[in-house]
Each structure stands twice: as structure tokens, then as C-alpha cells.
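Listed below, chain by chain, are the residues.
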Amino acid sequence: MTTVAARAVGTEADRVEGLEKVTGRARYAFEHPIEDMVYAAPVPSVVARGEVIAVDVAEALTFPGVIDVLWHGNAPKLERVGNAELHVLQSPRVAYRGQYIAVVIAKTLEEAREAALRVGVEYAVERHDVGLRADHPRLYRPERVNPDLPADVQQGDPDTALAAAPVTVDAVYRTPAEHNNPMEPHATVARWDAEGLTLYDSTQGATSLRDAVAPLFGIEPSSVRVIAPHVGGGFGAKGEPHPPVVLAALAARRTGRPVKLAVTRQQMFSVTGYRTPTIQRVRLGAHPDGHLTAIVHDAVEQSSTIHEFAEQTTTPTRIMYAAPNRRTTHRLVRLDVPTPSWMRAPGEAPGMFALESAMDELAAACGLDPIELRIRNEPEVDPETGLPFSSRNLVACLRDGARRFGWADRDPAPGVRRRGRLLIGTGVAASTYPVYRSACQATARAEPGGIFTVRIAAADIGTGARTVLTQIAADVLRVPLGRVRVAIGDSALPRASLAGGSSGTASWGTAVTRACEALRDELDRRGGTPSTGVTVSVDTTEENGEPSRFARHAFGAQFAEVGVDRDTGEARVRRLLGVFAVGRVLNPKTARSQFIGGMTMGLSMALLEESVLDREFGDYLNHDLAQYHVAACADVPAVEAYWVEESDPHLNPMGSKGIGEIGIVGTAAAVANAVHHATGIRVRDLPIRLDKLLT
Amino acid sequence: MNDDEDLSAPVTMEMRLSVNGIGYPITVDTRETLLDTLRERLDLTGAKKGCDHGQCGACTVLVDGRRVTSCLTLTVALDDREITTVEGLADGSVPHPLQTAFVRHDALQCGYCTPGQLCSAVGMLAEARAGWPSIVTADGGSVDARLDEAEIRERMSGNLCRCGAYVNIVAAIAEVAR
Amino acid sequence: MRPFVYRRPGDARTALAELAAEPGAMYLGGGTNLVDLMRLGVLAPRTLVDVTRACSDAIEVRPDGGLWIGAGVRNADLAAHPAVRRRYPMLAQALLSGASGQIRNMATVAGNLLQRTRCAYFQDPSKPCNKARPGTGCPARAGDHRNLAILGYSDFCVATHPSDMAVALTALGAVVHVEGAAGPYTVRMPGLHRLPGDEPERDTVLEPGDLIIAVEIPALPYAACSRYRKVRDRASFAFTVVSVAAAVDKSGGTIRDCRIALGGVAPVPWRAERAEAELRGAPIAEASFRRAADAELTAARPLTENGFKVALVRNVVVRALLDLVGVS
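First to last, the protein sequences are chains G, Y and C.
Heads up: the first sequence at position 433 corresponds to 432 in numbering that gives the first Met the number 0, and the numbers run straight through without jumps.
Heads up: the second sequence at position 8 corresponds to 7 in numbering that gives the first Met the number 0, and the numbers run straight through without jumps.
Heads up: the third sequence at position 165 corresponds to 164 in numbering that gives the first Met the number 0, and the numbers run straight through without jumps.
Don't read these hints as lab results, they were simulated from the structure.
Errors might be hidden in some of the hints.
Some but not every residue of chain Y turned toward chain G, in silico, with C-beta under 8 Å [what the hints assert, rightly or not]:
| hint | residue |
| --- | --- |
| 1 | P24 |
| 2 | T26 |
| 3 | K47 |
| 4 | C55 |
| 5 | A57 |
| 6 | A89 |
| 7 | D90 |
| 8 | G110 |
| 9 | C112 |
| 10 | T113 |
| 11 | R152 |
| 12 | R161 |
| 13 | V166 |
Where a beta carbon is used, it is the ideal one built from N, C-alpha and C, also for glycine.
I would like the entire structure built from these sequences, with the hints used as guidance.
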């Protein structure tokens with residue numbers, strides 16, 4: 000295989016679907032017009048644990064426009080699959096408040112919604128337990144944590160080392176439940192016909208959704224088609240399949256008509272996943288010069304009774320810093336709560352809040368600059384596996400960030416910088432995210448007119464994937480961008496992994512590269528494009544299956560400046576600056592958007608976001624965008640993202656690491672460290688709201 | 000509750016709804032919001048449903064030139080109003096300068112909040128031209144509504160963007176406001 | 000949402016008649032709160048009487064400097080009015096602190112005054128709430144109440160009133176002009192809103208069917224020296240945690256007169272009469288302001304999770320007064 004000089008890759012190409020999106024022409028799931036369609040309105044459980052004894056559908060059925068009401072007593076039967084959350088309307092059991100227990104299908108949206116309010120449900124209520132605590136009697140060690148990692152890892156003798164350490168930090172950090180809240184609520188248009196099931200769905204993976212839905216209905220994946228050309232954000236919430244899409248397909252099956260179902264914003268707090276709350280204890284032992292002797296990071300988190308999702312909270316601690324004695328653990332408790340799932344950098348985001356806050360505390364305890372502390376503990380090889388890093392430029396990020404941010408003349412004393420009524424502080428934290436890659440297929444086709452079409456069931460949920468894949472293809476084919484069309488977002492295209500784990504570009508880009516290489520070779524062999532065109536197919540399973548001899552991770556450094564109002568405790572970020580080492584940056588424009596977007600969500604996590612669990616009722620109480628605060632425009636002043644040159648031949652043909660998630664990792668710790676620098680108050684439980692800073 | 004059946008019958012009204020210069024004679028359920036009428040009846044899906052409660056701004060459209068959240072606006076009340084949606088911002092095939100600036104500054108990622116951001120920005124710029132203050136202006140005791148970045152941020156805070164494109168959105172709007 | 004009949008009368012008397020004629024009818028203003036609550040299932044009117052054509056949307060400046068504001072005036076227009084910005088800066092600031100540009104373009108003055116609490120339990124028909132579903136109980140007391148009341152609540156309800164504008168109007172002693180079944184009458188703020196007592200479902204003293212037609216702000220020259228400070232979790236587009244509207248009339252080194260009202264602390268926009276009394280005639284000094292705040296807060300009875308509001312109110316009142324008198 001030959002390499003080519005990059006022409007499109009590395010340039011600031013505008014988003015190829017930009018014009019469609021700014022003119023309103025881009026169609027999202029709920030917006031695909033289909034003849035004869037009807038609307039579905041789900042009925043959520045209003046108890047957190049128990050059984051549905053009876054569903055009175057009589058009143059709802061008398062409503063004008065109502066076509067049917069489904070519940071477990073009359074719903075079509077589904078096949079069992081691994082995730083019981085998807086066995087929608089199959090059982091009277093209620094595992095959490097908000098679980099879908101019925102659905103109304105009606106001719107109009109207004110009729111469906113009103114009738115759904117009038118479905119009478121009788122429950123046998125059982126006492127629920129929704130309280131996560133570190134001493135919960137039902138805590139257990141999960142077999143593996145997401146995506147497939149050991150729950151506990153120990154090296155050396157951390158307890159003895161901690162006891163002997165001259166300097167120690169021992170602190171408990173808490174992160175709340177957080178909800179992804181993509182701007183587009185989950186939505187599906189489901190249609191059954193002679194060929195099978197078609198789903199227009201808001202999903203991060205057309206292939207994986209197809210493969211998840213087909214067995215539920217006892218049909219082959221080839222009988223299911225998932226179409227998702229545009230997806231209004233996901234951040235993990237549209238990665239794993241959730242109940243609404245199954246409910247839409249059920250309703251369409253039962254009524255024999257195409258059904259539209261949109262999850263309400265309120266319902267998204269129950270049925271589409273969220274970030275588990277965590278209780279994390281971090282213990283660090285160090286010499287007075289800052290060299291770590293022991294790191295122990297223990298996490299407690301929750302899942303639902305219906306499905307285990309075990310988040311990998313402490314796994315970043317396994318690779319961050321050198322220390323001979325180390326232990327990382329995860330303990331889970333199954334509560335009567337909605338099922339948690341992926342949310343942007345699951346594990347890394349909450350885990351690095353704790354670790355990087357603790358490192359800031361250690362720096363203070365040792366009287367060291369927090370950047371210097373991190374540099375002193377930089378490992379030679381992956382501390383967990385002993386493998387060499389394929390590339391690791393954390394130190395370069397810290398140094399470059401320090402220079403750009405103006406860290407050099409920072410006075411470490413907390414609580415002494417005033418500007419008007421504000422206390423000003425700055426903070427730093429490290430960031431990391433692993434390199435994942437999955438096998439994919441792709442085709443590339445040359446048309447006689449000089450146009451090339453690349454097909455792969457990838458997803459663009461706002462990452463810029465469609466654009467970057469176009470750039471990759473253009474360079475391999477050695478043609479201008481304008482001659483390449485990339486078709487994505489449809490399970491009828493060659494199978495692809497989902498947009499998750501910051502693996503999209505690496506996985507899809509590899510397949511696109513190989514397909515375009517094969518096409519180029521084919522065209523060379525034929526001496527040009529035949530009049531009927533020519534198509535080649537590739538599958539990266541074999542290439543992807545080769546185990547790497549390297550530890551592969553992206554790194555970064557996050558800097559924050561905050562101002563805290565002395566009268567009110569209101570903390571606001573004044574600026575954020577991130578420097579990342581992510582291999583080769585394929586499109587600086589869209590990459591920068593990914594970084595600043597992640598950092599903005601990190602700011603939001605630091606200061607605003609908390610899903611409040613109601614103990615009495617067992618649901619997330621603040622279930623809308625007025626009560627669950629995500630950062631608004633006024634919260635987000637200067638956010639700058641940069642990257643260091645990093646050449647890493649051990650990744651993929653593009654030399655790139657994933658960039659979708661690393662931006663959020665470490666941001667909250669940088670902000671919390673800055674708040675400490677501003678006020679002298681160490682906030683160890685997010686979010687950093689004013690009541691925690693009021694003096 | 001014996002008259003429930005009667006109460007459940009939809010109430011409909013005939014009206015003419017003018018959107019992007021086109022008059023649509025329609026029969027609406029009084030419960031229909033402008034957002035649902037646009038999206039479900041007129042196939043104008045540019046305006047987005049993000050929360051359905053006026054809390055996100057994705058459904059922002061212009062009614063007689065003023066930005067409003069169409070999810071809280073009843074269609075039946077709009078018989079003599081002119082509605083402009085994102086589909087109506089361009090001048091024929093020439094995109095509105097804000098649309099061009101949004102693409103150039105990458106002021107969008109998933110694109111779902113984008114139509115609302117654009118309609119809101121058009122309305123906001125008109126408000127600023129009319130000399131309307133924001134809390135940033137008013138807190139500063141200023142009567143000059145010069146649109147610096149702090150002003151734009153505050154005035155655009157009714158449009159949430161979960162992808163975190165705010166700094167690019169502000170840059171795009173600032174460029175057009177100049 | 001339950002089906003409803005929609006009417007849009009052209010004058011207030013017709014509106015009153017239409018409302019009286021239809022059981023379960025409600026007035027519709029900008030719709031920003033009512034449509035929201037109807038979709039949630041909290042309210043289910045059978046008839047909506049749209050009063051945006053029945054009420055004036057004009058603002059008149061009276062010869063004495065007072066204002067007469069039609070009930071249909073949109074929040075955005077009121078905030079932008081030169082007389083409001085110049086003579087009653089606290090009102091402009093309160094309006095501009097509220098909601099978003101879009102919502103301010105829709106919301107009317109009367110609708111803003113009559114908006115319902117944002118207590119999470121009130122907004123969820125599947126849960127008890129004495130205000131929304133009388134007699135069902137108040138789970139906020141034992142549940143989540145970080146942002147609920149510290150003053151004026153009852154065993155039946157601990158909700159707060161959400162309006163920013165109403166806090167400024169309460170400080171200004173605005174007079175609400177109402178068209179009632181027996182004819183027109185007026186209510187002077189803070190008398191419009193009522194404490195929950197054992198009837199939290201009644202937010203105001205208005206009788207069913209009464210229609211606010213205008214809000215009058217009596218002349219208060221020293222209100223040109225006024226300020227509204229809103230504390231909130233999010234930098235914008237968020238309901239208040241605590242807010243203060245304050246105006247001071249300085250004379251030499253003392254406070255001759257003042258107006259103070261608080262938001263986010265009580266079921267009503269809270270006129271801080273004890274603080275005002277403490278401050279009248281007091282020397283201009285931080286200690287006076289602190290004493291005034293403390294005088295008001297002696298009545299505070301914070302709940303388990305909102306004790307921080309006491310310190311917060313004290314700080315914000317003191318700061319707002321210091322800002323007004325120009326002491327840093």
C-alpha cells in the first residue's frame with residue numbers, strides 16, 4: 000500500500016452538510032414524511048417498583064382519533080435478548096419510575112398525548128430503594144466494567160505503601176447523576192412492510208441498532224433497515240438501544256401503520272440512559288518531593304435492577320501516573336432507578352474529576368506546582384500493563400498549555416486575588432482518553448464521470464464524521480474533495496461500528512482508506528474507470544484483530560480561570576484553554592469544535608449539572624431543561640483548544656486518535672482546582688454551586 | 000366525569016396561516032402549537048422540537064419579525080400574523096449572511112439547535128438595532144446597545160446548544176453584526 | 000392537552016362575559032406559562048379566552064412621572080421603554096433578568112404577574128401538590144426544596160413565586176387595575192399575591208374571572224436610583240435563587256427613604272418592610288444595611304436544605320444597597 004501526500008486531510012474543510020443544516024433542509028428522525036402515519040404517546044410508570052395489576056384502556060379508546068392502546072396484556076410478544084430493558088411491554092414488573100408500561104396510538108399528536116394521560120393504571124406498589132451510598136449492603140463487584148475491562152486491578156502493596164507514605168491525600172469525591180440531554184430528543188418513525196421493518200431513528204449506530212432490534216422481533220438483521228442521515232446529538236445517549244425505539248416498532252407492528260414516536264424531554268430522564276452518580280475515594284501516598292508511592296482509587300456507582308451497566312470510573316487512574324503500588328476498584332449497587340448508560344467519556348469524565356482534584360490537593364500538600372507534580376510522576380511505560388505507549392505527550396500538553404495560558408507567574412496561594420467583588424483563581428488538570436477501534440466494512444465506487452462514492456453505515460452526530468471521511472477518501476483517491484460523495488447513516492450501507500468511544504473516525508476512516516486504496520489499485524489495474532463504473536468492498540476485521548503491542552491513549556491538559564462572587568458564591572468560568580495530544584488532526588475546524596464542545600460540556604458538568612433523585616418518588620425530579628441546567632451561551636466565554644504535533648504510527652492509516660470525548664475529561668477538575676485557588680474552598684462534590692461557596 | 004366523551008372531542012378552527020410569504024388555508028386543532036403545525040402539517044421541519052416547553056429555543060421562529068418560541072405559541076392565535084422560519088431566511092437561493100457565517104465559523108455540530116439559533120440571531124440583531132437593552136446593557140447602566148461578545152452571549156442565552164458550539168456561534172453572529 | 004374552545008374578544012368586558020359563561024375557562028396572555036402547564040397536564044381549561052386584543056399594549060408616561068402599563072404589554076417592550084429604563088431601572092433590570100429574549104417577546108405584564116410556581120412537584124401531575132391538586136399534600140417539605148421558600152410559607156406549601164418583574168413592581172408599590180364582575184377595582188402591590196396559608200391553590204386575591212387590565216406605577220422619583228440583582232445558578236435563562244430589588248433616597252449621610260423587595264424567598268414577591276423601616280433615617284453605612292437585612296431575616300425559617308438563602312439574602316441586600324449609594 001502506498002501513502003499519499005495529504006491534500007484535503009489537515010485542512011479546515013467546512014462541514015459538507017453545513018448548508019443543509021443552516022437552511023433547515025437536513026431531516027432528523029421525526030421529520031421523514033411517510034404516508035398514513037400515526038402517533039404514539041408512551042405511558043410511563045408512576046411508581047418506582049412494583050407490578051402493573053391492571054390497565055384500563057376503555058376511556059382512552061373512546062377518545063377521538065385513538066387507534067389502539069398497548070400494554071403488557073396485549074402487546075406483541077418479543078424474543079428475549081441480553082438487555083432486559085428492551086423487553087418493552089412484556090411483563091407487569093416495574094423496575095423504575097418512568098418505565099414505559101403502555102402506549103397510545105392515535106391519528107394526531109394532540110390526541111395521542113391527551114389519551115396517554117387518561118390511561119388508568121393500577122399498581123401493586125412495593126417499597127423502593129433509590130439511595131446510592133458507599134456503605135450500601137448490596138454493593139458488589141461487577142464481573143467487568145464498560146466496555147470490557149477488569150473491575151479491580153492491584154499491583155504491589157498499596158495499603159502498606161500508603162501507611163508508610165510521608166505525604167498522603169485521602170479524600171472522597173462525589174459526582175451526581177447527569178443526563179446527556181442531546182438537543183434532539185430520541186425519536187423514531189417505524190414502518191413494517193413486506194420486506195420487514197424500517198426505522199428512521201435518532202441513533203449513533205445504524206448497524207448496531209439494526210442488530211439489536213432484529214432479534215427482539217425474531218427476524219434477520221437483513222429484514223431491518225435503520226435510516227439516520229442526521230442525528231441531533233447523542234453524547235452516548237443514542238449509542239446503546241433504549242426502550243423507545245422498540246416501543247415504536249411494537250406499535251407499528253400491532254397497528255399495521257407507520258408510527259411516529261418522540262420521547263419527551265421529561266421522559267428522557269428515565270428511559271434513555273444517563274451518567275451514574277459516583278462516590279469515589281482517592282488515596283495518594285507520596286514522598287515530600289511529590290513522587291507517588293501509592294495510588295488507590297475506589298468507585299461506588301449504581302445501576303438499575305433490570306440491567307447492569309457498570310461504568311469504568313477508575314480506569315484512567317490505571318495509566319495516568321507512575322507509582323509502584325496501586326489499586327483501582329469498582330463496586331456497584333442495583334437500585335430501583337432508571338438504567339444508566341454512556342454519557343460522553345463514561346468513566347473518564349467523573350474518574351478524572353476525582354483523580355485530578357486529588358493531584359491538586361497533593362501538589363498543595365507537597366508545596367509543588369501542580370504541573371511539576373504531574374511531570375514528576377510521568378510513567379515510562381503503561382503502569383498497568385508494562386507496555387510502551389504508542390505516543391504519550393501529556394508533558395508537552397502541560398508545558399504548551401502553561402505557556403499559552405500564562406501559568407508561569409501564578410501565585411499558588413488560594414483566596415488572595417481580587418477583582419472588584421470577584422475572587423479570581425486558576426487551575427489545571429490532565430486529561431486522557433483511550434484509543435478504541437472497531438472492525439467495519441466499506442465500499443468505494445468510481446463512476447465514469449470522475450465521481451467517487453464511498454459507502455459505510457457510519458454516523459455523523461455532529462462530530463464532522465461525514466466531512467472527515469470525505470477528506471480521507473479524497474486524499475487516498477488523489478482527487479479533490481468535490482469529487483467524493485460519502486454515504487453514511489443507513490444500515491443498508493456496509494456495516495460499521497457506532498459513534499462511541501471516540502472510535503468513529505479511526506474505525507470508519509480505516510475502512511474508507513482501505514476501500515479507496517483497493518479502488519485505486521483496481522483502477523490502476525484496469526487502466527481507468529470502465530463505462531459501467533467499478534465498485535470494491537473491504538472489511539477491516541482482520542486488520543483490526545491484530546493486537547497492539549502498545550498502550551494507546553490520547554492525553555491533554557486543561558486550564559481554567561474562574562471568578563467567584565464574594566457576596567453570592569456564584570462561580571463563573573472566565574476562560575478555558577485546552578491542549579491535546581491526539582495523533583494527527585484530520586480537520587482542524589471540526590476537531591476544534593469537538594474539543595471546545597467537550598470542554599463546554601465539562602464546564603457545565605463542573606458548575607451546573609445535577610440530576611436530582613427524589614427519594615420519595617424514585618425519579619429524577621428536575622426532568623426538564625429549565626430545572627436541569629446545561630450551560631447557556633452566557634456561561635461560556637473564551638474557550639480555546641490547541642493541539643501539539645504528534646506522530647504515532649501505531650494507530651491506524653490516518654495516524655489519528657479519537658477526539659470526541661477527551662475535551663470533557665479533566666475540565667471539571669481544572670475548574671474545581673481554579674475555584675479552590677480563587678476561594679480556598681475545596682469542592683469535592685459536583686456541581687460547584689453557589690451554596691457550596693457562600694461564606 | 001360523565002361528560003368526558005364530549006370533552007375529548009377536538010375543537011377545530013379554519014384559518015389562514017402565513018409562513019415565509021405563503022398563505023396556507025388550514026383547519027387546526029385549537030391545541031396545536033405553531034411548532035407542531037409547521038412540522039407535522041406543513042412539512043416545514045426546520046424549526047426543531049427540543050423541549051416543547053420554551054426552555055431550549057430550538058423551535059425559535061419569527062412572528063411579525065419578533066423571535067418567539069413556537070412550542071408555546073398556539074397556531075389558532077396567529078391568523079393575522081406573518082411567520083418566518085429558517086426555511087424563509089434565505090433570499091431565494093442566496094443564504095442569509097448568518098447562515099453563511101454559521102457554516103464558515105463551524106457554529107454548529109449536530110445542527111439541531113441551529114435553525115433556532117439562526118432565527119433567534121435574526122430577531123436579536125433587529126432588537127439591538129432598535130436599541131433594546133439586555134441585562135448586560137442595563138446592569139452597566141448603559142443605554143448604548145453595542146453588540147460586544149458579552150452582549151451577544153446574554154442575548155443568545157435562550158438558545159441552548161448541547162454540542163457546545165457557543166464560542167463559534169458568537170463569533171459568527173459578531174461577524175455579521177459588525 | 001385537553002381540547003378547548005378558543006376565543007379572542009376585542010375588549011375587557013366581553014372577555015369577562017365569555018369567561019363567566021364557560022365553566023373551566025381561563026384567560027390566555029402570552030401563553031408562556033399557561034400553554035406549558037396545559038401540556039404538562041397541570042391545567043386543563045375547557046375554554047381559552049385570549050385577552051391579548053382585549054387588553055391594552057400601550058405604555059403611558061404620566062405627567063408626574065408615573066407609568067400606566069397596559070396588561071397586554073410584552074415584557075420585552077416594557078424593558079426597552081425609555082421611561083422604564085431611566086426612571087425605574089430596577090424594573091428594566093428585573094424584566095431583562097427573566098427568561099430569554101424569545102419568552103420576553105411573548106410574555107405579557109399581567110401574565111407575568113400571574114405565573115405559577117416552578118416547584119418541581121407542582122409541575123408534575125403524577126405527584127402530590129397542595130397548590131396544583133389541593134389536599135394531596137406537599138412532598139417538597141421532606142423532598143427537594145433547595146430553591147424553595149424561607150419566608151411566608153405554610154405547612155401546606157413551601158413554593159416560591161418565580162417572577163422577577165413582580166419583585167420590582169412590589170418594591171415600587173405598583174397598583175394593579177382589575178376588571179371584576181362587579182366593576183373595576185385596584186389592588187396595590189404587595190397586596191396582589193397572597194401567602195399560601197391553608198389555601199395554597201389561590202396565588203392571588205383576584206376572584207375567578209377577574210381580569211387585570213393595567214399596572215400603574217406611582218411616581219417615585221428616587222426610583223431612578225434603583226437596582227435589581229438576581230442570583231442564579233446559571234448565568235442566564237434561569238429562575239432566581241435569590242433576588243433583590245432596591246431603591247434608595249439619600250439625604251446627606253442618611254437614607255431618607257427606601258424600597259426593598261425580595262424574590263426567590265417566599266410564596267409571594269416579598270416586600271421587605273422590616274428592612275425598609277430599619278433603614279429609614281439610618282446613616283449610609285454597611286452596618287446599617289446589614290442591620291436592615293438582619294431585621295427582615297429574623298422571620299426567616301429555612302428548611303433543611305435551603306438555609307444558605309439566609310446568608311445569601313443578607314449579602315445580596317447589603318451589596319445592592321452599597322452599590323446604590325456608591326460605596327464599594
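Verification of the supplied hints:
no., hint, in the structure
1, P24, "violated, 18 Å"
2, T26, "violated, 12 Å"
3, K47, "holds, 7 Å"
4, C55, "holds, 5 Å"
5, A57, "holds, 6 Å"
6, A89, "holds, 6 Å"
7, D90, "violated, 12 Å"
8, G110, "holds, 3 Å"
9, C112, "holds, 5 Å"
10, T113, "holds, 5 Å"
11, R152, "holds, 5 Å"
12, R161, "holds, 5 Å"
13, V166, "holds, 5 Å"
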